[in-house]
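Q: Protein chains in written order, with my numbering: chain A, 1 to 278; chain B, 1 to 278; chain C, 1 to 278.
No lab work stands behind these hints, which were simulated from the structure alone. Since the model is a prediction, treat every value here as computed from it, not as a measurement. Quick reminder that beta carbons are idealized off the backbone N, C-alpha and C, glycines included. Any given hint could turn out to be false.
A short, non-exhaustive set of chain C residues, derived as facing chain B with CB atoms under 7 Å [stated by the list, open to error]: (1) Ile-24; (2) Ala-28; (3) Asn-29; (4) Ala-33; (5) Asp-46; (6) Thr-50; (7) Phe-67; (8) Tyr-68.
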Amino acid sequence: MRHAVEQVRATTPMAQSFTNFVTINLVANAQLAAGGAAAMSFLPDDVIDTAAISGADYINVGTLLPFYKDALPKIARAFHKAGHRWVLDPVAAGIGETRTEILRSFRAAPPTIVRGNASEIIALTDMWGLAEEAEPGNTPVSRPAGVESVDEVDAAIEPARRLARHLASLAPDGKAAVAVSGAVDLVTDGATVYRLPGGSPMMTKITGAGCSLGGVTAVYLAVTDPLVAALAATALYNRAGETAEAASHGPGSFQVAFLDALWNTTPDQVAASEIHLA
Amino acid sequence: MRHAVEQVRATTPMAQSFTNFVTINLVANAQLAAGGAAAMSFLPDDVIDTAAISGADYINVGTLLPFYKDALPKIARAFHKAGHRWVLDPVAAGIGETRTEILRSFRAAPPTIVRGNASEIIALTDMWGLAEEAEPGNTPVSRPAGVESVDEVDAAIEPARRLARHLASLAPDGKAAVAVSGAVDLVTDGATVYRLPGGSPMMTKITGAGCSLGGVTAVYLAVTDPLVAALAATALYNRAGETAEAASHGPGSFQVAFLDALWNTTPDQVAASEIHLA
Amino acid sequence: MRHAVEQVRATTPMAQSFTNFVTINLVANAQLAAGGAAAMSFLPDDVIDTAAISGADYINVGTLLPFYKDALPKIARAFHKAGHRWVLDPVAAGIGETRTEILRSFRAAPPTIVRGNASEIIALTDMWGLAEEAEPGNTPVSRPAGVESVDEVDAAIEPARRLARHLASLAPDGKAAVAVSGAVDLVTDGATVYRLPGGSPMMTKITGAGCSLGGVTAVYLAVTDPLVAALAATALYNRAGETAEAASHGPGSFQVAFLDALWNTTPDQVAASEIHLA
């Protein structure tokens, strides 16, 4: 992970985002603070042109507009055809027909990494028919949960693993990862599941900690393998969250201190992060 | 009001927003800092699905896109049919045909609370034909004012009362409120008019103090009556504004201190707020 | 420049923006911090209505949506017909067919000021056939660069001058300016080219320093000539950047300190700024 953190700071890789309007500013600022560069686009011609100069992309299905229904599947197919790597944040998976239709379309042209909370990972795995018990007419394991998870991360271990294996099976180099955010974060490449403790409960009291982690994961994906990218970004977030919590007095000062901490956290601090097998 | 503040912090009620792109991030962060949860959506299927799990909704007509013209009336009708409570922020009421058409459509499927500045409240009351002197061809009392009020809050007392009575007449439980933001804020349930002094002039030097107050009002509306929700949210904002002004050196540090103060203001401080009859 | 800074603080001129979703909040907050007022709109009826009460407008082509293709040319023509002054930020000029089509349409109904990085200024000058070597089939001087410049400001001196002369030739009063942001900023009215040193490298580590400079330039344009507006806004930004860098520990605290510094920088400090002939 040390190498990934250093590599991003040395080369300022650009990761493009198609992301929601709530946290788009924090996504860009977090990508810059981590040492990368940011570009945000929504029109397919714009996104596809920019992808030619971006190391990886980030797609977040938070605040949908009508034209996304055609635009997002088109963009995902273009990325798949070009072998372009991208990170998906399946925000609010399971809510709304339009979102479900868009997320379903990604099954055949999938991202390289999925990052979400436990409920979103479980919902996406169900939606793609990858759940163990998936059968037509089956009751889904998880109910839709809005943007907040109603499930614990441990409930997402098996779904995350299945999801990662599906992503890897369609990746040009057979490599993919899934990251589940929670009190303790999980990351898996489909084989091994890692547990990353730490962070701060204040990360749930600002909007966009999860979204911006997705954006920063895309920055790392521009310079390293999906598993290392997901691990390094998650570890950086946890270290920065701890530093920011100690330096703040509420969610306003937490967000400021968090961006400063993304900037100031050293490669050594990230590399020294505790990682356990799940 | 003490109970409402405590109840929000104890139960983390979710309020969904359909709001403008300028201040959408601050709305969500203010809702979280007040102790609630946030979700932002724009597509009718998404909004209506999410409303099933949200305690109340917030609609702000600030930065309109073409599809809002059909989407917003549809959403308002769905809320009305379901008896779902919502707060309207009629930003820039009176400017633009599209905005006028959307705001007119809300007359028959109205919100539970309207929060705006004096000019917006006067413009909406005129638009709905509720003004004393309202007659076809009449010159409106107030000229359009962009997003800034050109009228003093006192000019909005009678319009606010008439507006609140209209909202109440169509509410399932007969309860509604109107809040007018200004140097001294007004809140009315259609019968009594309350005056809430305090706050900070710096609240007009950051974008979104008004919008985010609307969002926080929706969070309170999820746990209490419209009158109490409007009073409690307005009082919380004034106390937080005073704390933030004392702790800041300009609009950048004011916004940070303001979010911290929303988080740290106690139920006792809100409950001790001065409230006068107007 | 002193007079422009004082005039803005004394009269709170409103500048309306049609701008991207990433930095829209910072644009509005910077306009307020500089002493102006902000309004953000996207629908032509809304923008054109609001322009009647705005001193100048700001258009930024960052995050395009499908309807902008018709809306933006329509708005530019309405401004041109009304002699309404506006600032263009040609973000990512050269990327995407939709953006190119929109930017091309502005050639005949141009802004009063263009502000961009060197690559954007060069790309726009090429696109409008104003470059010295412009001939059908010619290789453009600059390759598309995403949102980051790949060219040094000096490479944009001649393109900026040509661009400014084109803008001036179509301005009602024959006055226009072009501002090129970089390590040392350039401003030209088409005749003289000025160099403004200073600022902070941290301005490239937050998103929106350039966009919000465009918005603040529009606020100044509401009270003074294009050349003075571009010089004063650029000088204000450099002084505020220096103050913020000294007061911050990373990009989070830099943005906070930067907004405070926009608020606290005095007319004298702006007026004392170094300006050289290029």
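Q: Each hint: holds or not?
A: Hint by hint, here is what the structure shows:
1. At its closest, the beta carbon of C:Ile-24 sits 5 Å from a beta carbon of chain B; the interface hint therefore holds under the 7 Å criterion.
2. Of the supplied interface hints, the one on C:Ala-28 holds, with its beta-carbon coming within about 4 Å of a beta-carbon of chain B, less than 7 Å.
3. Hint on C:Asn-29 holds. Least Cβ distance to chain B is approximately 5 Å, under the 7 Å limit.
4. With its C-beta approaching chain B no nearer than about 5 Å, C:Ala-33 sits inside the 7 Å limit, and its interface hint holds.
5. For C:Asp-46, the suggested interface contact is upheld, since its CB lies about 4 Å from the closest CB of chain B, less than 7 Å.
6. Annotation: interface hint on C:Thr-50 holds; nearest CB of chain B at approximately 6 Å, less than 7 Å.
7. The interface hint given for C:Phe-67 is met, as the beta carbon of that residue sits about 5 Å from the closest beta carbon of chain B, less than 7 Å.
8. With its C-beta approaching chain B no nearer than about 10 Å, C:Tyr-68 sits outside the 7 Å limit, and its interface hint is violated.
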